Amino acid sequence: MARPREFEFDEAVARAMNVFWTLGYDATTTDQLLQGMKLTRGSLYKAFGDKKQLFLKSLELYDQREVQEAVYALATPGTSGAERIRLLFSSIANAVEAGDHIGCLLCTTLSGPSATDPEIAASTSAQAQKLRDGFSIALKHDGDGKYPDSYADLLVTQYVGLRMLSRARVPVAIIRESVDAISQLLERPDQ
85 MARPREFEFD EAVARAMNVF WTLGYDATTT DQLLQGMKLT RGSLYKAFGD
135 KKQLFLKSLE LYDQREVQEA VYALATPGTS GAERIRLLFS SIANAVEAGD
185 HIGCLLCTTL SGPSATDPEI AASTSAQAQK LRDGFSIALK HDGDGKYPDS
235 YADLLVTQYV GLRMLSRARV PVAIIRESVD AISQLLERPD Q
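Residue numbers (the numbering used here): 85 to 275.
By construction, these hints were calculated from the structure, which means they are not laboratory data.
Given the structure is predicted, the values throughout are model-derived calculations rather than measurements.
The reader is advised that the hints may include incorrect statements.
Listed below are the simulated BS3-like cross-link pairs for lysine-lysine, each with C-alpha atoms no more than 30 Å apart in a straight line [unchecked claim]:
hint, residue 1, residue 2
1, 122, 141
2, 141, 130
3, 214, 141
4, 122, 136
5, 214, 224
6, 214, 230
7, 135, 214
8, 214, 136
9, 135, 122
Using the sequences plus the hints, can you model the full thing?
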């Protein structure tokens with residue numbers, strides 16, 4: 085008879101996600117995962133298979149907790165689409181101002197060596213597409229045709245870039261200037 089699992093699976097994935105988010109997939113060692121997850125090597129491999137499979141689970145959780153939350157904020161009516169976009173970008177600057185430089189697991193993964201792995205690329209591409217869809221919904225809320233379709237792509241690249249800059253500990257003033265530039269672009273889409 086197999087021994088019962090002595091840990092909470094979802095909690096272990098959340099802990100792994102935080103380790104990957106802090107260190108990046110490529111830099112994270114198995115020992116760092118074991119310490120962060122409070123698991124033995126045998127438990128980790130039995131439950132998750134290997135580091136990559138655990139990372140894919142972590143990306144799924146990140147998608148559920150972070151990406152879908154951002155998309156929900158962009159897609160939920162209440163204020164103008166441009167204002168919802170401004171609020172999302174302002175939240176990056178606010179986080180940096182509060183000392184949060186962890187950035188974004190999706191963005192860190194997109195820029196790392198592991199981004200070329202087909203399974204990891206499929207996950208990150210799907211998450212980036214969700215962000216694009218969220219920006220597109222927000223932009224269309226302010227009137228079809230007001231903003232070119234390419235703005236959603238532009239906003240995804242700005243989002244990824246600002247999250248990377250926050251991780252690189254760029255001064256918050258630079259991030260705020262970028263947020264202001266995005267706001268100006270949304271105010272004058274025909275410029």
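Is the hinted pair residue 122 and residue 136 satisfied, with a Cα-Cα distance of at most 30 Å?
-> holds, 18 Å
Would the pair residue 141 and residue 130 pass a check requiring their Cα atoms to be no farther apart than 30 Å?
-> OK: residue 141 and residue 130 at ~14 Å, within 30 Å.
Is it true that the CA of residue 214 sits at most 30 Å from the CA of residue 136?
-> holds, 22 Å
Taking only the CA atoms, is the gap from residue 122 to residue 141 under or equal to 30 Å?
-> Judged against 30 Å, a Cα distance of about 17 Å means the pair holds.
Residue 214 and residue 230: Cα distance at most 30 Å?
-> holds, 21 Å
Is the straight-line distance between the alpha-carbon of residue 214 and that of residue 141 30 Å or less?
-> Given pair residue 214, residue 141 holds - Cα atoms ~18 Å apart, limit 30 Å.
Hey, residue 135 versus residue 214, does the alpha-carbon distance stay inside 30 Å?
-> Given pair residue 135, residue 214 holds - Cα atoms ~25 Å apart, limit 30 Å.
Agreement of residue 214 and residue 224 with the hint, judged by alpha carbon distance not exceeding 30 Å | holds, 15 Å
Does the alpha-carbon distance linking residue 135 and residue 122 stay inside the 30 Å limit?
-> Within the cut-off at roughly 15 Å; holds.
Of the numbered hints stated above, none is contradicted by the structure.
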